[in-house]
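Work the whole structure out from these sequences, hints included.
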Amino acid sequence: MEKRYLWIGLGVVAIVAILVVALSGGDDDETTETTVASGETTEAPSETTEAPSETTEAPSDTTEAPAEAFRVAVIAPSAQNDLAFTQSMVDAVNVVSGSVDMEIAITDGTFIVEDAASAIRDYADQGYDLVIAHGSQYGGSLVEIAPDFPDVSFAWGTAADTFGLPNVYAYEAASDEGGYVMGVLAAALSESDTVGVVGPVEVGDAKLYVDGFAAGVLGENPGADVKIVYTGSFSDVALASETAQAHATAGADVLTGSAQMVVGAVGVAAENGILWFGTQANQAQLAPEIVVASQVYHWEVVISQIVAQVQAGTLGGEVFVIDLANGGEVIEYNPGYEVPADVVAKADATIAGIIDGSISTGS
Amino acid sequence: MSDFFTEAVLIATVAGGIRLAVPLLFASLGEMFGQRSGVLNLGVDGVMLLGAFGGYYAVLKTDNVWLGLLVGVAIGVVFGLITAVMSVTLKAEQGISGIGIYLFGLGFSDLLFQKWVGTPLPIKAFPKINIPVLSDIPIIGEMLFRHSAVVYIAFAAVPLSMFIINRTNFGMKIRAVGENPEAADSLGVSVTKVRYATLIIGGLLAGVAGAALAIDLKIFQQNLTNAAGFIAIALVYFGAWRPLGVMGGALLYGFVNSIVLQLKTLGIIPRSWSDIAAMAPAIVTILALVIVAQRFKPPAALTKPFERGR
Amino acid sequence: MLEMRGITKRFPGVLASDNVDFDVFPGEVHTLLGENGAGKSTLMKILYGLYEADEGEVRLHGEPLSIKNPTDAITHGIGMIHQHFMLVPPLTVAENVALGLKSSRGVLTDLDAVSERIVELGETYGLHVDPSAPIWQMAVGEQQRVEIIKALYREAKLLILDEPTAVLTPQEVDQLFVTLRQLKDDGCGLIFISHKLHEVLALSTRITVLRHGKVTGSVPVEGATRESLAQMMVGRAVKLAPDKTEAKPGNVALKIRGLRVARDRGGDGVRDLDLDVHAGEILGVAGVSGNGQMLLAEAIAGLRAPSAGSIEIAGTEVVGMTPKQVRTTGLAYVPEKRMKDGAIGDFTVSENILLIDHNDEHYLNHGLFDFGAIKKHSRQLVDEYTVKTPTLDTPARNLSGGNIQKMIIARELSGTPEVLVAAQPTRGVDIGAAEYIHTRLIKQRDEDTAILMISEDLDEVFGVSDRVAVMYEGQVMGIVDPRTATREEVGLMMAGVEQDETA
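Those sequence lines, one after another, are chains S, A and D.
So the first sequence is numbered by the numbering used here: it starts at 1 and just counts up by one.
So the second sequence is numbered by the numbering used here: it starts at 1 and just counts up by one.
So the third sequence is numbered by the numbering used here: it starts at 1 and just counts up by one.
Treat the hints as calculated values from the structure; they're not laboratory data.
Wrong hints could be hidden among the right ones.
Straight-line alpha carbon distances no greater than 25 Å define the calculated DSS-like cross-link-like pairs of lysine-lysine that follow [what the hints assert, rightly or not]: (1) D:Lys239 <-> D:Lys68; (2) D:Lys68 <-> A:Lys304; (3) D:Lys102 <-> A:Lys193; (4) A:Lys91 <-> A:Lys297; (5) D:Lys214 <-> D:Lys68; (6) D:Lys375 <-> D:Lys324; (7) D:Lys102 <-> D:Lys157; (8) D:Lys375 <-> D:Lys388; (9) D:Lys255 <-> D:Lys443; (10) A:Lys193 <-> D:Lys68; (11) D:Lys337 <-> D:Lys196; (12) D:Lys443 <-> D:Lys337; (13) D:Lys340 <-> A:Lys304; (14) D:Lys184 <-> D:Lys196; (15) D:Lys68 <-> A:Lys91.
Derived list of chain S stretches under chain A, where covered just means 3 residues or more per stretch with a C-beta under 8 Å from a C-beta of chain A [what the hints assert, rightly or not]: (16) 123–131; (17) 218–231; (18) 241–252.
Just so it is clear, CB atoms sit at the ideal spot from N, CA and C, and this is done for glycine as well.
The following block contains the structure:
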């Protein structure tokens, strides 16, 4: 009797294993292959039979690639199509690869810092020219790893510190600028004069964006009520959703939010007919009927500069910033939502004002 | 503070707390069955994630939320069975094998999501059901009886679990196997069968918990559960291995979260306190856990594989 | 009704059952007698389907039978009362009885019907229990009744009783025997497992003795004596009652006043206890397990801090001292859990003997161990106390229970202590070693040591002690002279009846 269960169980395990193999081997194009590799790194030890085969594939690919190709690796905490932080960098690297002969490897979903650290070291060890550690939480690992690979260039962000290391670049976004513009838009569109913010933890890029947004709203309408809630988590989708619900109860008719957990909040906004402003990537497809605009990061502005400098032999020591002026930050309107022309004009004037310095975002 | 005690905010707080409690309630009830029979399953969160993706994907493709829930059930049953094979038949160390399932679920749900979906597109949600008559009661009706269908299913599972555990032969066997498997075995109760059954129920409910979460949020994302499965395990201890206690724990956790959120939204908790306040649910749960731990004992055979004639 | 033929069972390194034949007729009590590890339990676990035999066959009512698990055994009318009760403590009596049975209401429980039947059975066989009480609230004797009811409820015709008296007071044993005799008269076959010779003689119709997995004899109870049975168990003549002369008690060496000791789980396990032990006497402490004896021993040895009271050893107050300091006042301690508190299994015999004296300058040479002296001392003790060990460097865990105990006693007595506390000195020890240990205790008494001997074995208490104190719920119920007191009297005191009431 017990043996029968054993066989049923083993059968199920076998089916799952076959499924993994089938999925991993099914596609040939490069991006999906790297996706699989990245998925494997975070996976259970039970899948070890598959994992090594994936990792060994990467180097074998490189030997086939032309020797002069510039090799870039990206290590990022969330999924590469999160419509937010990680995707903004992945998109950027792909854009740069359009003009530079580049070979790209991506390890995403490494929200466990130790996993990221080992991936960073692996890529450096394999002789990648540029290793991008896309997450401010990876700084500590980089300080330890970078000195061991003086010939490899590292970039990390969002941050403003190169640790005084000659082979480390840092990059950050002046997200307060885009935030301010969206704040102006939000204030102009709000009828209840109440806007809500779904924030993760009050640090870094998220804080910068939220502060800019709040300043923008108050700049446009000093009497408006900006309700800012930091949930305390970058990844708790359910809590982000409830926060949006709380804002709705409090009468907010415009919402924004930062970090990958906002997908839950966008859903609630759509349900309640509340307008949404996105940041880090274009979030229009999450809810086409209520997303007004998104602040989109074009890290390629920074990445192409870094790549050029590395190719010229300078491996680090500089901090780059994307902002409205250098085109690294762009306000993308959702074509599915019609913004009144006078409001667009207001936003354009704000952008111009920030670029020429006549408007201060407050930070 | 007076802002908090307005009708609208109170209703939102209670309704929100209930919504947050639902996935935890499903998962903890399931885990409770396993633990009552003596098996600690740490893989709940992994099964929840797989159920969440399965449910999300099914709804994305068919627009049928009930099919989504059913996919969650199916995935849960399969992984309940795998858990049982590992911890009952193969007598694997329960902590380690559970973490294995968790890591697998975490990675595999994301892998499938990247492969098959990619961009997190919103899906259809559960229909809202207003219970006739009851939902018309002022305030209370809005708090309790205007929820989506799964909310009622989750709370109906509580008395059902109580009935199974306390009033059926199967429930008696579960209790016996969890407390003294040797005694149960000596009376011809198959410890193996009982533990397979409870782990499959546990897997099923974990799968449902995940699917319910994804469909309620209308979205899937990597690590969507954000470790809710582990909170669910803690809630089983909190609830002293009883369905009502587990429900109390899930509601407490949901309410503390929702109260803190409302207080933040109203500006009663200042932003500088925000991150500390975010820990409130965990702190309250731990405190309650400490108090409960002194009063109630876990099933005596918890975490111990059974071997006849040992 | 039952025949077992040529049963053989091997465990790694041990032949637990070696070609054993055993049978039972309806209406008889057939006793399996033997020391620990003789193979009694193995044989019964095979019969009950908990182990599978490597060789041999089992026949019931002449039919060959294959019992693969307890369900098979139950279906064939075999019931087993396990030494460690197979009860689920949080469940009620009725639930424990109903467990594993088909309910008359399908998936629902039918506990009210079960309860009715339990009451009926209880009336028939004098097994009174409350069907709705949870097991954990019940006394040990009551729990055993539940075990028997479980078997009778399943209409068992062949009952296996594995050491059923181990945890009972003498009165409870008498009550149990009444029930068992009634079952026998009703035509049930009973298999009684025990190593208590007087009980075996009182209850059995036939006795089969096992030693090292082999049958050494099978005799009717008529004509059997304790001595003849002991000889079959051990393989040589044994003196069951040690020779001893009149005690010559001296001054009080161990003086205990108003002692209170808390249990681990709260509440006082020892309550306002007064006790004197004189030099040159053995005070036996009798009582059912768990009535505070162990707490008392640990408190004296300094292993557990009393909440009140005083303990004086040779005139020195020892409450508040560390165990090591207590030892310097002249205490030797033979603990109940010998492998946990008395010896270190992975240490060699020689190292175990040195455990206490390792700072003694006799064994140190400029701060380092003088291995020559240690070896000489160990060899001398091992020889003197007849500890059977292959070498002095053999790890203690490889020794038999009896030899480990002799090793511990050798170590403890080597310093000629003022006071010796010996807890369960012969539990689980073979008869030969027990005999030796008893002789040794008496010899130590004659050398003027005050000995406090805690024991649950009344034979031992009566045979070795000069005075007997009976403990019940942390208090001394009374002190009696073993030469004049009866088992009845002591048994009543063990059950909580004060000495005055028994007189």
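Against the structure, the hints:
1. Taken as a hint, the lysine 239 of chain D and lysine 68 of chain D pair is broken in the structure, with Cα atoms around 42 Å apart against an allowance of 25 Å.
2. A threshold of 25 Å between alpha carbons decides the hint, and for lysine 68 of chain D with lysine 304 of chain A the separation of about 23 Å falls inside it, so the pair holds.
3. Restraint check for lysine 102 of chain D and lysine 193 of chain A: the C-alpha separation of about 16 Å stays at or below 25 Å, so the hint holds.
4. The suggested pairing of lysine 91 of chain A with lysine 297 of chain A holds, with an alpha-carbon distance near 23 Å, which does not exceed 25 Å.
5. Pair hint lysine 214 of chain D plus lysine 68 of chain D holds up; C-alpha atoms about 23 Å apart against a cutoff of 25 Å.
6. The suggested pairing of lysine 375 of chain D with lysine 324 of chain D holds, with an alpha-carbon distance near 23 Å, which does not exceed 25 Å.
7. Of the supplied pair hints, the one linking lysine 102 of chain D and lysine 157 of chain D holds, its CA atoms being roughly 20 Å apart against a limit of 25 Å.
8. A threshold of 25 Å between alpha carbons decides the hint, and for lysine 375 of chain D with lysine 388 of chain D the separation of about 16 Å falls inside it, so the pair holds.
9. With a C-alpha separation of about 22 Å, the suggested pairing of lysine 255 of chain D with lysine 443 of chain D holds against the 25 Å cut-off.
10. Between lysine 193 of chain A and lysine 68 of chain D the alpha-carbon distance is near 17 Å, which keeps this suggested pair within the 25 Å criterion.
11. Straight-line distance between C-alpha atoms of lysine 337 of chain D and lysine 196 of chain D comes to about 21 Å, which keeps the hinted pair within the 25 Å bound.
12. Among the hinted pairs, lysine 443 of chain D with lysine 337 of chain D is consistent with the structure: their alpha-carbon atoms are about 24 Å apart, no more than 25 Å.
13. Proposed proximity of lysine 340 of chain D and lysine 304 of chain A is supported: the alpha carbons are some 22 Å apart, at most 25 Å.
14. Taken as a hint, the lysine 184 of chain D and lysine 196 of chain D pair is honoured in the structure, with Cα atoms around 20 Å apart against an allowance of 25 Å.
15. The straight-line distance between the Cα atoms of lysine 68 of chain D and lysine 91 of chain A is roughly 21 Å, inside the 25 Å bound, and the hint therefore holds.
16. Note: the stretch 123–131 of chain S has 0 residues with beta-carbon separation from chain A under 8 Å; the three-residue rule is not met and the coverage is violated.
17. Check on the stretch 218–231 of chain S: 5 of its residues sit with their Cβ under 8 Å from a Cβ of chain A, so the three-residue criterion for coverage holds.
18. Under a criterion of three residues with beta carbons nearer than 8 Å to beta carbons of chain A, the stated coverage of the stretch 241–252 of chain S is upheld, 8 such residues being counted.
Hint compliance for this structure: hints 1, 16 are not met, and every other hint is.
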